[in-house]
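Listed here are the chains, written in short residue letters.
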Amino acid sequence: MKICTIQELLSARVIVGEERLGDHVYSACGSDMMSDVLAYVKDQAVLLTGLVNPQVIRTAEMMDMICIVFVRSKEPTPEMIRLAEESGLVLLATDKRLYEACGILYSNGLVGNKVKRAAL
Amino acid sequence: MSDVLTFRFDVDGENFTSAGQASVQIKKNLRQLGLPPEIIRRVSIAMYEGEINMVIHAGGGNAEVRVAEDFIEIELVDHGPGIADIEQAMQAGFSTAPDNIRSLGFGAGMGLPNMKRYTDSMDIQSKVGDGTRIVMRVDLTA
Chain B
161 MKICTIQELL SARVIVGEER LGDHVYSACG SDMMSDVLAY VKDQAVLLTG LVNPQVIRTA
221 EMMDMICIVF VRSKEPTPEM IRLAEESGLV LLATDKRLYE ACGILYSNGL VGNKVKRAAL
Chain F
105 MSDVLTFRFD VDGENFTSAG QASVQIKKNL RQLGLPPEII RRVSIAMYEG EINMVIHAGG
165 GNAEVRVAED FIEIELVDHG PGIADIEQAM QAGFSTAPDN IRSLGFGAGM GLPNMKRYTD
225 SMDIQSKVGD GTRIVMRVDL TA
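Sequence lines, in order, name chains B and F.
No gaps in the numbering here: position 2 of the first sequence is 162 in the numbering used here, and each next residue is one more.
No gaps in the numbering here: position 40 of the second sequence is 144 in the numbering used here, and each next residue is one more.
Incorrect hints may appear among the rest.
As the list claims (entries may be wrong) - Derived DSSO-like pairs: lysine-lysine, alpha-carbon spacing no greater than 27 Å straight-line: (1) B:Lys202 with B:Lys162; (2) F:Lys231 with B:Lys202; (3) F:Lys231 with F:Lys132; (4) B:Lys202 with B:Lys256; (5) B:Lys256 with F:Lys132; (6) B:Lys234 with B:Lys162.
Stated by the list, open to error - Cβ-to-Cβ under 7 Å is the rule here; a few derived chain B residues that face chain F: (7) Ser171; (8) Val174; (9) Ile175; (10) Asp183; (11) Ser195; (12) Leu198; (13) Ala199; (14) Val212; (15) Pro214; (16) Gln215; (17) Arg218; (18) Ile264.
Honestly, the hints are just simulated from the structure, not real lab data.
All C-beta atoms, glycine included, are put in the ideal place defined by N, C-alpha and C.
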C-alpha cells in the first residue's frame, strides 16, 4: 500500500514527508506503548499511535519504520517534526481513533507483520 | 583480534526528551561502517532500551559501543540505585518505573527482556546503592 493511500483512507493530514507519499509499505502496527513496539514488531513500516513525545520518533527510527500516523487528532510538537525531518520519516495526523484507523488499514489489505517489507 | 572501534557516549539523565540520542548516533555510525541493517537494528534497539532505562532509573550514565571484527559489544554503566533482584527485573512485564514514565510510552517492563531478545549475550552486574553495569554482545558471524 502506498503511503498516500493510507493518507486517503484515514483522511489524514501530511505534517512532514510529502516527498515520500509514493513509497510502498507492507505492514503496520498500532500501539501507545513504545516498549511493545520495540518488542513485538518486526519489519513494520507504519506506526499508528496516540502517543505524542519525541520517543515516538526515536522508536520508529530504531525500528526502521518510515511512517507514523498520529490518531485522535494528536499533533506532534515542533521538536518531533524536526526529528522526523532529520530521519526522513513521514508524519500523518488523523482524527480517527487508534482502533478504527488500524481497522480501516487492515481491512484494506495492510496487515500486521505477516508480510515482510521489501528490502531497503 | 584485529582493531576494535570504540564509540563512547554520555547519557544525560536529566531529560527524558533527549533520551535515545546516543542510540540514534550509534545507528548512524554503524550505517557508515556498512554493517547489515538487521545487525544495526538489533544493536540500536538494545542500546536504546538501555539508554531509556538509565534515564528512567539511574539519572543517566555512560555507554560504550565496541565494534570488533566478529562482534559488537555494548557496555552501559550507571551509578543509580542498582537492581535488587535481577531475575525479577528480567521478567517481561515487571517494572518499577513510575506512572509518569508509563504515560510516555515506556515502563511496561519490557526494557531488559527486549535487550536480551535482541542480543546474543547479556551480562548484568548490579549492586544496590552502587549502580549497574550491563554488557551485551551481538555476533557478526553467521
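- Task: Closer than 7 Å between Cβ atoms is the bar; does Ile264 (chain B) clear it against chain F? Give me holds or violated.
- Result: Hint on Ile264 (chain B): violated, closest Cβ of chain F at ~23 Å, above 7 Å.
- Item | Lys234 (chain B) paired with Lys162 (chain B) [C-alpha distance capped at 27 Å] | Measuring from Cα to Cα gives roughly 22 Å; hence the hint holds.
- Verify the interface restraint on Val212 (chain B): the C-beta must sit less than 7 Å from at least one C-beta of chain F. Violated: closest Cβ of chain F sits about 9 Å from Val212 (chain B), beyond 7 Å.
- Holds or violated: Lys231 (chain F) with Lys132 (chain F), Cα cutoff 27 Å? violated (33 Å)
- Item | Closest C-beta approach of Gln215 (chain B) to chain F relative to 7 Å, hint status | Interface hint status for Gln215 (chain B): holds (6 Å vs cutoff 7 Å).
- Message: Min Cβ distance, Val174 (chain B) to chain F: is it shorter than 7 Å?
- Response: Hint on Val174 (chain B): violated, closest Cβ of chain F at ~23 Å, above 7 Å.
- Message: Min Cβ distance, Arg218 (chain B) to chain F: is it shorter than 7 Å?
- Response: Status holds, d = 4 Å.
- Task: Would you mind confirming whether the straight-line C-alpha gap from Lys202 (chain B) to Lys256 (chain B) stays at or under 27 Å?
- Result: holds (25 Å)
- Message: Tell me if the interface restraint on Pro214 (chain B) is satisfied: Cβ within less than 7 Å of some Cβ in chain F.
- Response: Nearest chain F Cβ about 5 Å off; hint holds.
- Using 7 Å as the Cβ threshold, decide whether Ala199 (chain B) counts as touching chain F. holds (5 Å)
- Mind checking the CB of Ile175 (chain B) against every CB in chain F and telling me if the closest is under 7 Å? With a minimum Cβ separation of about 19 Å from chain F (threshold 7 Å), the hint on Ile175 (chain B) is violated.
- Hint validity - Leu198 (chain B) Cβ closer than 7 Å to any chain F Cβ: Holds, because the Cβ-Cβ distance from Leu198 (chain B) to chain F comes to roughly 5 Å (cut-off 7 Å).
Consistency with the previously given hints fails for numbers 2, 3, 5, 7, 8, 9, 10, 14, 18, ordered from lowest to highest.
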